[in-house]
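Please work from the sequences and hints to get the whole structure.
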Amino acid sequence: MMTLLLHSWNLICFFVVIVSVQYWQTIPSMDWIVVCAALFIVSYYFYPFRWFRGGIAAIIVLIISMNQFKEQVETVFQDGLNITITGQVDSLFKEISHGQIVLFSVHKVNEHDLDQIFLPRIKLRVSSGDPFLLGEQWKLEVRLKPVYGKLNEAGFDEEKYYVSQYLHAKANLKGVPERLHSSSSFRLMLHQRVTRQTEGLVAQPLLMALTFGDRNTISPPLWKDLKSSGLIHLVAISGLHIGLAFMLGWIVGKPLSLLSPYMLKAPIITGVLFAGIYAWLAGFSLPAIRALTMCALVSIVPMIRLTYSRWQVLLLTLCTVLCIDPFAPFSASFWMSFGAVTSIYLLLGSSVFRRSRKIKRLVLMQCVLAAVMIPVTGYFFSGLSAVSPVYNLIFVPWFSFIIVPLVFIGLFFSFLLPDISVFVWQMADYALIPVLSAIRYSEGAWVAISATLISLAALVTLVWIFSPLLSSVQKKWLLVSGCLLVLFDDRKAGWQVDVLDVGQGLALLISKAGGHILYDTGERWETGSIAESVIAPVLVKRGVRQLDGLILSHTDSDHAGGRQFIERQFIPKMKWASERIVGYQPCIKGTHWYWRALRFEAVWPPKQVARAYNSHSCVVRVTDGQFSILLTGDIEAVSEYLLAREGKDKLDSDIMLVPHHGSDTSSTGTFIEQVTPEVAIASLAKGNFQGMPSVNVLNVYASRDIKWLDTGESGQITVEITENNWQISSFRATDSSPWYRQILRKRVE
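Residue numbers for the sequence shown follow the working numbering, so the first one is 3 and each next one is one higher.
Just so you know, these hints were derived from the structure itself, not from any lab. Keep in mind that the hints are not guaranteed to be accurate.
[Claimed, not checked] Here are the simulated lysine-lysine pairs, BS3-like style, with alpha carbons at most 27 Å apart: (1) Lys125 x Lys267; (2) Lys652 x Lys688; (3) Lys147 x Lys125.
[As the list claims (entries may be wrong)] Label pairs and their in silico Cβ distance ranges: (4) Pro420 x Lys96: 36 to 44 Å; (5) Tyr432 x Lys267: 35 to 43 Å; (6) Pro399 x Ile43: 49 to 57 Å; (7) Tyr443 x Phe188: 13 to 21 Å; (8) Tyr347 x Gln27: 32 to 40 Å.
Just so we're clear, the structure is a prediction, and the values are computed from it rather than from any experiment. Glycine is no exception: its CB is placed at the ideal position from the N, C-alpha and C atoms.
So, in structure tokens, the structure goes:
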């Protein structure tokens with residue numbers, strides 16, 4: 003019994019320590035491996051040390067992995083930013099509006115051969131020319147870029163994503179590329195053949211995603227429908243698909259086991275083989291590798307007759323996955339897979355499930371999966387699909403028993419009998435048409451979830467998981483506490499200003515007593531906007547369903563790009579602009595209004611215009627009578643000169659937004675001296691091509707002892723104002739920045 007307890011405890015410790023990698027601030031040197039290895043050996047001779055064996059093993063894995071990642075980043079940047087690289091295309095190309103993006107393994111940097119086992123990987127952007135094909139080898143002149151991600155309280159975290167995918171830098175192609183070797187990839191040949199065979203089919207994007215994990219051709223509207231229906235996981239080769247491949251292989255191998263006693267293990271072997279082939283088709287993506295590892299372990303443990311409980315098999319599998327991929331906890335897909343597998347394990351062991359009929363079991367499984375996934379999807383995606391249980395109840399079996407088998411059959415015939423495979427692909431296309439039709443009705447089914455509700459859902463899930471260990475009184479107290487958390491959501495006294503990290507643009511949120519006013523909406527591009535990727539997740543996390551107000555400084559894309567999205571999704575009660583826009587009130591000199599005891603006074607421009615450019619930016623001073631902040635948009639030197647003539651009474655503020663992101667065209671000394679701020683905050687992208695902030699502008703503020711902060715360096719910047727005090731904090735505090743952010747952002751500085 004004690005041995006089993008030790009096994010479980012050490013596996014849990016291994017898991018917890020590996021997960022903590024996201025929060026380590028420094029990387030221990032490789033010398034510490036000797037110390038850890040010695041402690042690990044000692045644990046076999048001194049009983050008390052055995053309880054730490056799992057944690058010690060995890061630390062060894064992390065030290066090796068983190069140092070390796072660091073070395074790969076350093077290797078890429080060892081000769082500067084403008085380099086010549088030789089390497090191989092690692093991915094199917096992804097078309098973008100002006101070129102393509104591929105993943106590229108670097109074999110040489112300026113003729114220096116690199117370690118062929120741990121090759122650095124970069125995300126390469128190619129502006130024009132022929133597609134870079136999987137497996138091709140190229141010699142390229144590139145300009146490297148460190149990974150400068152945006153960092154806010156919610157939204158996509160690019161730096162975490164790069165670590166989770168073992169990517170070490172970005173690069174833009176310069177000059178003319180030189181192809182060294184054409185591709186000999188069988189996977190590419192198969193991909194091209196299936197692409198031709200499925201050409202013209204309505205569901206071709208879904209077929210390519212199901213067959214090769216290639217989701218590059220799925221359109222944004224289709225992505226949106228898949229997301230709102232909760233079926234997005236069905237078009238990503240993951241645990242479900244690898245499991246289905248294993249099951250199909252098991253069925254194929256079952257007759258072999260009846261032929262001879264020596265073939266009893268044939269179903270398991272063919273199952274793992276089929277799962278491995280499917281993982282290969284997916285390019286051995288990290289989710290596919292994790293699923294393949296789980297299939298292999300769950301099969302091997304019974305084969306070698308190890309006496310492990312269901313929970314120990316789960317823990318062993320989980321720890322093996324983390325040993326192979328120690329950066330998996332950075333990925334949402336890992337937590338979704340872990341949550342799904344854990345909930346299924348819990349359900350299989352329950353008496354209610356065992357006593358239920360088959361249909362009831364399916365319904366019960368979908369309900370449990372939906373409940374367990376609420377905190378996971380809520381945390382990573384700030385919401386969930388309200389119709390997901392229904393859609394999954396119908397379409398998971400449909401995919402499992404109809405579509406995925408047709409995909410396997412189509413693949414089998416693709417290189418044996420192409421004429422038959424065309425017919426099979428058409429059948430698969432017909433089978434997917436009901437799916438495409440049904441998901442259109444899920445529009446609007448995506449429900450945003452606040453951080454408070456996510457916490458409550460997580461609490462309920464944990465109470466259910468650990469219910470065998472808790473008394474009924476403890477369960478009730480925990481659940482009552484959670485409900486009180488929702489009913490009496492803590493709202494801070496005073497008010498708050500958040501300058502969101504939106505790259506080269508602006509979005510500022512003013513919050514008080516549960517109300518919110520947004521100043522500018524950030525940039526937009528062909529397939530999305532800052533409003534969708536940054537502003538909306540922040541508002542959703544705070545439980546905001548409607549904005550009290552929206553102020554547009556001017557209508558340049560980097561300030562008003564997300565206007566339509568914000569108007570549609572958060573329906574501002576009041577709107578102000580310096581440009582004449584239907585439904586907007588004038589934001590011009592002399593106008594003022596009150597909101598929750600805060601005074602908003604517009605001090606520029608003198609009048610509304612038909613089209614508001616930088617110089618027409620709506621400049622607003624917000625004050626509670628003691629503290630004040632000046633919002634400046636993109637005003638330039640002439641506007642600043644005219645504003646300065648208004649005198650200090652109109653401009654004096656504790657904090658000011660730096661005009662025009664710190665451009666040389668703004669921040670004149672005369673204007674700043676009328677504002678006399680203690681702190682200046684600039685919204686800009688680190689390493690932006692405009693060269694902002696200007697060195698001259700930095701000197702203007704420094705010479706007047708004004709503290710400088712910018713979102714490129716600090717991430718989201720928050721100002722909390724109370725009755726007699728105010729303080730500033732940022733999400734990228736230099737003294738607590740995790741190790742991977744330091745490496746990805748600062749390696750070449």
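| Violated hints, by number in ascending order, as checked against the structure | 1, 2, 4, 7
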